[in-house]
Structure formats: C-alpha cells, structure tokens
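For what it's worth, the working numbering labels the leading residue of the sequence shown as 11, then goes sequentially.
Because the hints were derived from the structure by calculation, they are not lab data. Since this is a predicted model, take the numbers as computed values, not measurements. Incorrect hints may appear among the rest.
Claimed, not checked - In silico EDC-like cross-links for lysine to aspartate or glutamate, where the CA-CA straight-line distance does not exceed 16 Å: (1) Lys51 - Glu12; (2) Lys74 - Glu35; (3) Lys50 - Glu21; (4) Lys82 - Glu21.
As the list claims (entries may be wrong) - FRET-style restraints, in silico, Cβ to Cβ: (5) Asn33 - Pro54: 16 to 22 Å; (6) Gly45 - Lys77: 17 to 23 Å; (7) Glu12 - Lys51: 27 to 33 Å; (8) Arg79 - Glu21: 18 to 24 Å.
Glycine included, each C-beta is placed from N, C-alpha and C at the ideal position.
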Amino acid sequence: MEHFVYIIWSEKIGKYYCGESNNVEARLAVHNRGGCIYTKKGIPWILIKIFVVSNRSEARNLEKRIKQRGIKRFLLNTE
11 MEHFVYIIWS EKIGKYYCGE SNNVEARLAV HNRGGCIYTK KGIPWILIKI FVVSNRSEAR
71 NLEKRIKQRG IKRFLLNTE
C-alpha cells in the first residue's frame, strides 16, 4: 500500500516537522487542529514536501534518515 513521508513548516515557531502517513491531507488536518503533542504549538502548519514510497516500512526508514540528517539540511540537499 502506498505510503508518504511529509515535511511541514510552522512560520509561528520557525520549525520543520517530518512524519509518515497513508493520508497526508488527513494527517495535516490533525496537526493543524492540535491533535499532536509535538506540533501543537506551531499551528498553522504548511505542507512543504511529500515523498511517495511503496509501503510503511520504507516510509519509516526514510523518515528516520531525514530526521537523523536534520530536516533543514535534508531539504537543502534535495533541491
């Protein structure tokens, strides 16, 4: 089943957040209504980038690599 890794940005707190989901639109809505502890203070969040992978395992691996590298640094290297 297709899965996604997404990167969102909060202008309010000046931070990026990276996550994985099989429904990015629904997940972004959860972030923007305060349903996630880690992103609650940054509302509103803006979708910056989406990566499509073939399954959840690949999504989790990519998410981990992005977070280990640093989201901002990862974005600079992919542009």
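These are the hints, each one checked on the structure:
no.	hint	verdict
1	Lys51 - Glu12	30 Å, violated
2	Lys74 - Glu35	21 Å, violated
3	Lys50 - Glu21	13 Å, holds
4	Lys82 - Glu21	14 Å, holds
5	Asn33 - Pro54: 16 to 22 Å	19 Å, holds
6	Gly45 - Lys77: 17 to 23 Å	20 Å, holds
7	Glu12 - Lys51: 27 to 33 Å	31 Å, holds
8	Arg79 - Glu21: 18 to 24 Å	23 Å, holds
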